[in-house]
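Going line by line, the protein sequences match chains Z and W. Residue 62 in the working numbering sits at position 62 of the first sequence, and the numbers go up by one each step. Residue 100 in the working numbering sits at position 100 of the second sequence, and the numbers go up by one each step.
These are computed hints drawn from the structure, not numbers from a lab. Glycine is no exception: its CB is placed at the ideal position from the N, C-alpha and C atoms. Hints may be right or wrong, so weigh each one.
Computed Cβ-Cβ distance ranges for the label pairs, DEER-style [stated by the list, open to error]: (1) Asp55(Z) x Met52(W): 31 to 37 Å; (2) Thr133(Z) x Arg85(W): 53 to 59 Å; (3) Thr133(Z) x Thr100(W): 30 to 36 Å; (4) Thr100(W) x Ala18(Z): 46 to 52 Å.
Derived, one-sided and incomplete: chain Z residues facing chain W with beta-carbon distance under 8 Å [unchecked claim]: (5) Leu4; (6) Ser6; (7) Leu8; (8) Met10; (9) Tyr13; (10) Ser108; (11) Ser113; (12) Arg114; (13) Glu129; (14) Asp132; (15) Trp139.
Chain Z stretches covered by chain W per the calculated footprint, using a threshold of three residues with CB under 8 Å from any CB of chain W [as the list claims (entries may be wrong)]: (16) 57 to 67; (17) 155 to 165.
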Amino acid sequence: MRALESVLVMKGYVDPAALDLLIDTYQNRIGPRNGALVVARAWRDAQFRAWLLRDATAAIASLGFTGRQGEHMVAVENTSSVHNMVVCTLCSCYPWPVLGLPPTWYKSAPYRSRVVRDPRGVLRDFGVELPDTTAIRVWDSTAEVRYLVIPQRPSASFHLGEVELAGLVTRDSMIGTALAMRPPPLLA
Amino acid sequence: MSYRCHADLGGREDSRAVIPEAEGELFHADWEPRVLAMSLAMGATGLWNIDMARAALETLVAAKGAASLDELALHADAWREAAQRTPHGQPIEPDFAPFTTP
């Protein structure tokens with residue numbers, strides 16, 4: 001790996017500083033906090049929510065989140081009757097601009113095989129138990145289309161602003177293997 | 001012979017648990033971020049694209065002398081032929097007999 005890097009640098013194909021910048025970008029700039037902001041906006045702004053559900057690519061781009069692996073976005077909304085989960089059964093397709101790099105389990109064989117035949121069992125691996133009355137929809141990503149789950153807004157979060165709401169939105173809740181976190185209780 | 005594709009894992013039986021991972025846990029070894037950055041950077045140079053990278057991987061068997069490119073092509077043709085004559089949902093079973101029996 002080091003030999004490959006030094007030879008490419010010596011031949012003028014890559015600049016080590018550019019590699020550092022790329023790493024910093026995926027470590028610190030492009031990640032699930034972007035998606036969390038999209039969800040928080042949708043929770044607070046009905047017009048934005050409608051736009052997100054109609055044309056997720058454009059709505060997400062309006063917040064500045066664009067780029068590779070997110071050119072064709074679809075947002076799917078969780079309700080009390082439907083819970084959405086996202087997988088890539090073929091490999092590891094994932095919406096990079098809003099969620100960053102995929103976690104190891106998303107790329108693993110157990111997740112990719114089991115989530116389509118036993119989604120409730122997979123949810124249990126994440127400590128999530130949904131009522132039988134909640135239908136589960138599993139979306140299989142493609143080379144082009146990437147999905148973002150809009151988790152249900154937790155109750156008792158009416159008083160929170162966008163940044164605080166975004167803090168309740170975990171990466172896993174936007175893949176569908178978790179629910180959004182509950183807000184800290186209001187002091188009496 | 002039944003064939004089960006190892007790329008499309010959807011619905012395959014697998015009893016192993018899914019192991020959750022903390023949100024900030026991105027890389028698991030020092031080489032991972034460097035290789036990610038190098039593949040993105042070299043992609044940007046336009047020197048090769050993803051299909052060329054895949055072709056390089058696919059022809060490694062020949063470069064390492066495990067099988068000739070001709071043999072690889074015979075297998076690819078057999079799979080292609082089998083895929084074309086197999087109805088959707090049925091197992092794809094290539095016929096290797098023409099080039100394995102004398």
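Comparing the hints with the structure gives:
1. Asp55(Z) x Met52(W): 31 to 37 Å: Once the Cβ atoms are compared, 34 Å apart, the range 31 to 37 Å for methionine 52(W) and aspartate 55(Z) holds.
2. Thr133(Z) x Arg85(W): 53 to 59 Å: violated, 45 Å
3. Thr133(Z) x Thr100(W): 30 to 36 Å: violated, 56 Å
4. Thr100(W) x Ala18(Z): 46 to 52 Å: holds, 50 Å
5. Leu4: holds, 7 Å
6. Ser6: Hint violated; serine 6(Z) Cβ to chain W Cβ min 11 Å, cut 8 Å.
7. Leu8: holds, 7 Å
8. Met10: Check failed: Cβ of methionine 10(Z) comes no nearer than 14 Å to chain W, outside 8 Å.
9. Tyr13: holds, 6 Å
10. Ser108: Status holds, d = 7 Å.
11. Ser113: holds, 4 Å
12. Arg114: Holds. Min distance 6 Å.
13. Glu129: Since the shortest Cβ distance to chain W is 15 Å, the answer is violated.
14. Asp132: violated, 21 Å
15. Trp139: violated, 12 Å
16. 57 to 67: violated (count 0)
17. 155 to 165: violated (count 0)
When the structure is compared with the earlier hints, violations turn up for hints 2, 3, 6, 8, 13, 14, 15, 16, 17 and for no others.
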